[in-house]
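Trainee: Spelled out from the first residue to the last, the chains are:
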Amino acid sequence: MRRHRLLRAAGVALAFALVVAACGGDDEVAAADCSEGQVDGDLNFYNWSEYIDPELITAFEGEYGVDVVESFYESNEAMLAQLQSGVSYDLVVPSDYMIGIMISEGLLTPLDRDAIPNLDNLADRFKAPPYDPDLEYSAAYQWGTTGLGVNLDLVGDAFKPSWALVFDPALTSTFAGGVSVLNDPRETMGAALEYLGYSLNDTDIDHLNEAAELIKNAKAGIATFDSDQYDESLVNGEVAVAHGYSGNMIVAIGEADNPDSFTYILPEEGATLWIDNMAIPADSAAPCTAHTFVNYLLDAENGATLTNWNYYGSPNAAAEAFIDEEVVDFYADIESATVEVITDTGDYEINYTDKLAEAKS
Amino acid sequence: MSTTSGVRPKSPTERLLAANSWVVYAFFYAPILVLIVFSFNDNNNVGIWTEPSFRWYEAMLDDNDVLRAIRTSLIVALISTVVATILGTMAALALERFRFRGQRAYDGLVYLPIIIPDVTMAVMLLLFFAQGFRILDGLIGWSPSFGIGTISLSHIAFNISFVAVVVRARLGQLDPRLEEAAADLYANRWQAFRRVTLPLILPGVMGGALLALTLSLDDVVVTSFVAGPGATTLPVYVFGLVRRAVTPLINAVSTTMLVASMILVGISLGFQRNTRSTVPVTEPQPEPANQ
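Which chain is which? The protein sequence lines are A and B, in order. Residue numbers for the first sequence follow my numbering, beginning at 19 and rising by one. Residue numbers for the second sequence follow my numbering, beginning at 279 and rising by one.
If we strip away everything but chain A, and leave its shape as in the complex, we get (with noise of 0.2 Å):
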């Protein structure tokens, strides 16, 4: 996700700036060339904490006698700049923005689609991300959205799915405890501009002023803008409505003395979309295990306990058979939802910080 994104973002310029003058212009990466089930060493994995079934990874090295080294990453600059200095991973798990990055880079293989025959197995959603419309680099990990988690006890049943929950203070006001709004530029201005009509990924600075006016006026129904506590402070019912990420909504509310009474919505205007996706970097010594092991990854009964386990939507549409209910029916409205992915602004980025900071101040 995109938490650290911007504390990052002047770190990331430097080792860019600094590592492509150093290493010239990049070679085209050739396509591996693997079978399917094929191994040619040990799996050197880099991906987030806690993020998969640690059974999953034994029962694999069972399977083709190799060994799974894994290390963890807390964000995706920091995973781009161990790549971009020439460290060895053989997969790594970056998100939907860094994917686009890594490609124009030229730090990923082309995958072999030979070796991967379960990519079948992708949902339609997930077989032309924007970031790489024809699954040439990577395929869907996970998935998840940032919507609404609402209160119904203190909301009541009636509502309209909209994101006029927490931006109309007309409706907001009348909330005991009022609402959480993330505390991220790209997800709070993101959300004003779907409500105002606009694509999340708007670039032109009026709607951004007329989204960042919305949220000023919508301050008086905020109670805080939270992008860390939020989940708790929707189930201790000290908000209303909270707005939040998927992954922590679904735990939070499993968890509460009274699940029942809440929900997790994605407003009618839209969401957001992100995805975390595996994909090979051009330095991996060990392709065609990498291969293997995104092919044994999205296998049905595999992505179903992988979702079992991180509690993420899955990418998988053949897992969804072996999936607990639960989780099914909470990722379930996706379906009939407007979702868009976050892509990078550039140089335009810096506004959505400036005008949150401006709304909130």
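What the hints contain is simulated information worked out from the structure, not anything from laboratory work. Note that the structure is predicted; figures quoted are calculated from it, not measured. Where hints are given, some of them may not hold.
To be verified - A few chain B residues that don't get close to chain A, going by computed Cβ distances all over 12 Å:
{"no.": "1", "residue": "PRO309"}
{"no.": "2", "residue": "LEU417"}
{"no.": "3", "residue": "TRP420"}
{"no.": "4", "residue": "ALA461"}
{"no.": "5", "residue": "THR475"}
Said to hold, decoys possible - Stretch-level coverage of chain B by chain A, calculated; a stretch enters the list once three of its residues show a Cβ under 8 Å from a Cβ in chain A:
{"no.": "6", "segment": "398-406"}
{"no.": "7", "segment": "492-506"}
Ideal Cβ placement from N, Cα and C applies to all residues, glycine included.
Chain A is already provided as a structure; the job is to place chain B on it using the hints.
Mentor: Showing chain B alone in chain A's frame:
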């Protein structure tokens, strides 16, 4: 520090100051107390108390990734503390006791790693290793890989400065005539250092070492940039956990680390008290026997 005897402070100003220090202590330690209490919480959410349990400690001991990260952190901390303490103490001695060409420049440069931002340091070190390894590979066809080695070297790089600063402060208070006296008694430089200087600056050295240990166990930014396959330290791992719902597992891990470092501090305090009782003149008076 104790200037008065055990008399209770009477004046309003003193009472105010005493109250203030308690408030400051509360401000420092209340969050730690909350962290510890909630590590025994039987709930998936950090902030919602249900009932006491050791559930998260069990989860920690069952989690091989966490245990591996703890091991990596301890190895790196140990290596970088020992090496940085030795090199930092040597740097402090060189700056405080000797005059050499380029000393002023060196003096200023020692503080650099303390001043420059973490992320700059991280990028510099990463580039240094990447380029160095590339050149080495071109020359002899072999190069080391990123991992515990590069993390340790990076931690040594910033820890030297902190140790040097702490030790130097201690050296500055030390009366140089003590070493001269040792020389008068036919001690060579090494003997004078070993028997006189080192015991007297030991609290400073230990303080520097503890600081180095803490900084090493704590570092996220530099570490995540210079890490390699299979080498994830605990702070990097924990930072990554924040991405999903924060569970009391983090509290359990933090409490364990806290207890471990308190034991370390305890040991070092006991050590310093020992040195104090065997060496009569640890606290040099500003003008002990002048004129």
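Trainee: Which numbered hints are broken by the structure, listed smallest first?
Mentor: As far as the earlier hints go, not one is violated by this structure.
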